[in-house]
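2 protein chains.
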Amino acid sequence: MKYFLFTFICTTMCWGQMQKEQLNLMPWPKEISNQQGKFNIDKDFAINLNAPNSERLTIATTKFLRRLDGRTGIFFKNGFALINHPNSTVQINVKSIAKLDLQQDESYQLTIAPNQIIINANTDSGAIYGLETLLQTLQNTNDSFYFPTLSIQDSPRFRWRGLMIDAARHFMPVDVIKRNLDAMAAVKLNVFHWHLVDDQGWRIEMKSLKQLHLKASDGLYYTQEQIKDVVQYAGNLGIMVVPEIDVPGHASAILTAIPEIGSTPNKKYSLERNAGVFNPTLDPTNPKTYQIINQIFDEVCPLFPGKYFHIGGDENEGKEWDANPKIQKFKKENNLATNHDLQTYFTMKLIPILKKHNKLLMGWEEIMTKDMSKDAIIHAWRGPNEGLKAGESLANAAKNGYQTVLSNGYYLDLVLGIDTYYNTDPINKELNLSSEIQKNILGGEATIWAELVTPLTIDSRIWPRTAAIAERLWSDSSVNNLKNMKKRLIPVTDRLEELGITHIRNKGVILRNIANYQDIQALEKFSNICEPLKLYTRNKGGTEYQMYSPLTLFADACTPDASDAEEFNSLVELYNANHANNEAKSKIINQLQSWISTHKELVQLQKNAPIISGFLPLSKNLNDLSQQLINKLQDKSYDAELAKKMLENCKSKDYADVELAIIPGLVGLIQ
Amino acid sequence: MKYFLFTFICTTMCWGQMQKEQLNLMPWPKEISNQQGKFNIDKDFAINLNAPNSERLTIATTKFLRRLDGRTGIFFKNGFALINHPNSTVQINVKSIAKLDLQQDESYQLTIAPNQIIINANTDSGAIYGLETLLQTLQNTNDSFYFPTLSIQDSPRFRWRGLMIDAARHFMPVDVIKRNLDAMAAVKLNVFHWHLVDDQGWRIEMKSLKQLHLKASDGLYYTQEQIKDVVQYAGNLGIMVVPEIDVPGHASAILTAIPEIGSTPNKKYSLERNAGVFNPTLDPTNPKTYQIINQIFDEVCPLFPGKYFHIGGDENEGKEWDANPKIQKFKKENNLATNHDLQTYFTMKLIPILKKHNKLLMGWEEIMTKDMSKDAIIHAWRGPNEGLKAGESLANAAKNGYQTVLSNGYYLDLVLGIDTYYNTDPINKELNLSSEIQKNILGGEATIWAELVTPLTIDSRIWPRTAAIAERLWSDSSVNNLKNMKKRLIPVTDRLEELGITHIRNKGVILRNIANYQDIQALEKFSNICEPLKLYTRNKGGTEYQMYSPLTLFADACTPDASDAEEFNSLVELYNANHANNEAKSKIINQLQSWISTHKELVQLQKNAPIISGFLPLSKNLNDLSQQLINKLQDKSYDAELAKKMLENCKSKDYADVELAIIPGLVGLIQ
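In order, the protein sequence lines correspond to chains A and B.
Residues 5 to 675 (my numbering) are what the first sequence spells out, left to right.
Residues 5 to 675 (my numbering) are what the second sequence spells out, left to right.
Okay, chain A solo, but in the shape it has when bound (with noise of 0.2 Å):
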């Protein structure tokens, strides 16, 4: 059987080439060169480190044994890191410890041969790179495994590839943190940046001022042990974290445990449980308001050894200022003639707290004014949704001199497509930036904003869409083939799980409960062809969901790129381009009767399950047009009148936040 499939494959391509194709890089290498031939595993792998005592190099050498050996079933004699054993069929060399400073180098080189590996890099994180790297060249035969023979050359195009997680609209704990950050590191991004206080919270244990955390973290907070450690993980992955206290705007958390820094007097401040902007601020003009940031910052910045230190600085629309007069006043006093001005004054006054702890301040792109210090790193991430051209203000920020991160067109929570992310480049050709202009680029940031999210479903909104945007800030701009891309993504998304990343295996624990543990197969074929609505459209107005409503729903196990939507589509187009193809065309019919037994299963299944209630109205909608569809496709009898309405019930976006995937080949079949 092995020799019927080697000649199969012979007699259609060159081994090399194929197994390049085969090759499910992602993010895809700077360089890469492979030969026929390859390098098999057995029990007698084992990894010699000649390198200097890196924790980092020790850990992430255990760790890949034990992926390893979890993917083959492989029993290692040799379970952890060896020294001393240049005999060792893998040998890792590195020059020195990477400082995580976004300055280290990160470059490295893998050649594998038939009879050993070796992994070059000048520093310990460019060797875990490598690592990852080897692991996902992994193949296998029928009954053995494999590393195919090759030659890598890799460094990054962008020195800031981040992913920023919102612990403070909901509660991420540790475990949760810890297994992003390995998800992370498999695709070679190196800042976190944690969002750690917000309107909805605080979520450090505070010793000095404790009533930040005893009166607003509904006793959901790190401790700084905890963040000690979650920072210490991070490191030996090679990812820098950057925390982020949001001032002075999103301040009602701040403000709930000491209200006397508030910009409006007397006032009781309250933990808001609604998403949305709101007045809460900070009253710059108050001395107390920065010894108080001064004693946070004292607390807070030694926990994180990192030199960035995000203040926010976002969505202060001044409400607060503008309704007190003594605030006015000091305006007029100081020539400040605007609530952004204010804002400058407020931010100015942070620097020197942050350079005591040798802290640079970076905040999103509202703390940009002409009397900004330009050591200010400025965030990005207003675009299209606020008025603005994409890239538009990442690219003023450079252009003014400062250095600058891209997180728009990064925003996880919009649940858009996988598309929109992988084509957002931190550096649009169409602004024709000067290649000085664009150093100050310093790469991009995805964030999910945790409104809809929690620990049970945050997993399946940041990955896989983050290896995309990974690739985009690792690999050379010319890597943009999206096909190609979606094909790669497919074994990077399984392999997530390895990592205990949640977005696979969740998807059923929720569908179980909306079942109320009935079969959910027609739950999850309905699901795969639904998506949680977009951009904001779900939780309008950002009260209909409080930070304590249900995320366990029919839209909260849907995501993004619903899985069968786009072959269908496909084929709708396919069939479209030539109505004689009747391969194409009885699929397509297979695929509506299958929703239409779908609908059947459900309203069977909502009989002891209530939750389907919300939805089962959208699948009614899709079975009577899949029933009218089957029937023009068949030339039976069809009313495009009433066909055209169905259509316009299935674009329905009034049923359990969630929409149809499928409404194009819908559309194409109508037409």
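These are calculated hints, taken from the structure and not from any lab test.
Bear in mind the structure is a predicted one, so any value in this text is a computation, not a measurement.
One thing to keep in mind: the hints can contain errors.
One copy or two, either will do: identical chains are not told apart, so a pair holds if it fits within one copy or between any two.
Claimed, not checked - Here are the simulated lysine to aspartate or glutamate pairs, EDC-like style, with alpha carbons at most 20 Å apart:
1. Lys211 to Glu229
2. Lys219 to Glu59
3. Lys67 to Asp179
4. Lys649 to Glu229
5. Lys214 to Glu229
6. Lys655 to Glu571
7. Lys232 to Glu209
8. Lys182 to Asp222
9. Lys47 to Glu548
10. Lys359 to Asp302
Given the coordinates of chain A, work out where chain B should sit on it, guided by the hints.
Chain B in isolation, oriented as in the chain A frame:
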């Protein structure tokens, strides 16, 4: 439709009776009466606490609300417990805060009326049990959720209802522990016994003897902050934590760090990677041994507020003692005739060290000798496997005046069927113990030894079987109908998912890995009739698996009580009772055919999934026999001798550490 349903129900049985039948409570309460009525759940559902300020109850109420809205999808207006709201629909009345010392009053009273729910309890712990029972009563129609009206009086049979988790053999991170604590609370267990030290690892961060966690944990240990966090988390669930530091045997880890207190002079000890009973043992004749233990206990005891401290004391074969002339001499000088006496000498010295910290010494049954203090708690673990009668050592301890806890019969790592565990009663009626002696029996404890479990699989070994043990320990001994228990167990098993227990979801993770991310349906079907090898037949001699060997194999996906086996075995019984039963016959044939087609699919899958090779022969054996048996049932050509041979092949335990759980059914068809 609703009207129709109601009519149907009322004509078949009375409403009250049906409800009681439908209630899937576990553990089953002491007294229960119910009436025809419903308490409907809507967004106004709110819980008011009339209680002393109890963090425990506040947290439990919040968790209850999240679970209830997670299940129902209802958006409650109040996401947290209320105070001073006498008109809230749920009233919880509590007199005092429980101290977790086994003396606390755990009783509660739950009354559900159409318009109000009342929980009365002397302590907050009792009230929390009331909330768990309330959640278990949840019912639904096709479009709403409700609690049936009823009245429950409840309190436990035994005071000690424990679960032991071994975090030494495979380290279990904090999140694994926490989710299992939540699950324990859901079935009213109240003692978490944390096995923290063994030959394979020391899992406690030490401030004074850092070498212990630095040299003897592979970097996998709990920080003291994490331990405090777990203890507090458990306490908030009404669970006492009992730590175990296993001495003087099982000491490879301790001696790796501190070899000078070992019983073999100048030996270089190292962490054990295999499973079994090993020689490294503390030297009871060396004063430094006690000094070190003193130092350890001084640091570890304050982390655990409970009054019990487990010192292990098991499986010391004394081989190092026999080989050391100095120790032999010491025995003679001190009139210690046997190693058992020497161990008692050792253990007695620990009692005052623990007393200093107000702790009682607990140990495995080997610590019980004539000279052992009656203050010690005896943990009975040996039974038929060790040549003793079931319950005998527990009875001996009780007769000798020791307080005692049963674990023999509750060893989850033996992966036996649930019947065995459920039928094990701490009070073995056959032994005719007087009620005075019975008083010494504190209760029982399920144990999961972790040689062959990892964070990925541990939940599927603990659950759902531990729920049955929990019922044995809580409910009256007359609650012992296996069939009824299994029926009630189903929803309890399902709902463990909402607490994060991974027993269902992680099966898919393992199977997807085995299938190399091809479709897993066939694998799932086959896994539903296979069970991991029982007792200690997996990992023969303890050396097939090292602690770093892969546990992502087929045996790890399979569970005891294979889900499809019981039905098949019963079908065959039914058919054999009456060969004219054509329905049973045709179901059996269908089942046999499905195994034939499953095998075909597995053969296909295996072409791209090497791990399947390991158990494909077993599937082949079943395929062959199934074909023969179909022939027999259909009166076609059948070779009885050949079938017998094939049956023997199906009984094989040689493939991938699993066995077929349908052997009784297959045997039934052959005879």
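Here is what the structure says about each hint:
Taking the closest pair of Cα atoms, Lys211 and Glu229 come within 20 Å of each other both inside a single copy (12 Å) and across two copies (15 Å). Proximity of Lys219 and Glu59 under a CA criterion of 20 Å is satisfied inter-copy only: 14 Å between copies versus 38 Å inside one chain copy. Taking the shortest alpha-carbon separations for Lys67 and Asp179, both the intra-copy value of 16 Å and the inter-copy value of 19 Å come in at or below 20 Å. Taking identical chains as interchangeable, the C-alpha atoms of Lys649 and Glu229 are never at most 20 Å apart, the minima being 59 Å within one chain and 62 Å between chains.
For the homomeric pair Lys214 and Glu229, the shortest alpha-carbon distances inside one copy (15 Å) and between copies (18 Å) are both at most 20 Å. Only within a single protomer do Lys655 and Glu571 lie at most 20 Å apart by alpha-carbon distance; the minimum there is 19 Å, versus 45 Å between protomers. In this assembly of identical chains, the alpha carbons of Lys232 and Glu209 lie at most 20 Å apart whether taken from the same copy (12 Å) or from different copies (15 Å). For the homomeric pair Lys182 and Asp222, the shortest alpha-carbon distance between copies (19 Å) is at most 20 Å, but the shortest distance inside one copy (22 Å) is not.
Only between protomers do Lys47 and Glu548 lie at most 20 Å apart by alpha-carbon distance; the minimum there is 13 Å, versus 56 Å within a single protomer. For the identical chains of this complex, Lys359 and Asp302 are intra-copy neighbours only, at 11 Å inside a copy versus 42 Å across copies, given an alpha-carbon limit of 20 Å.
Comparing the model with each earlier hint shows a violation of hint 4 alone; every other hint is respected.
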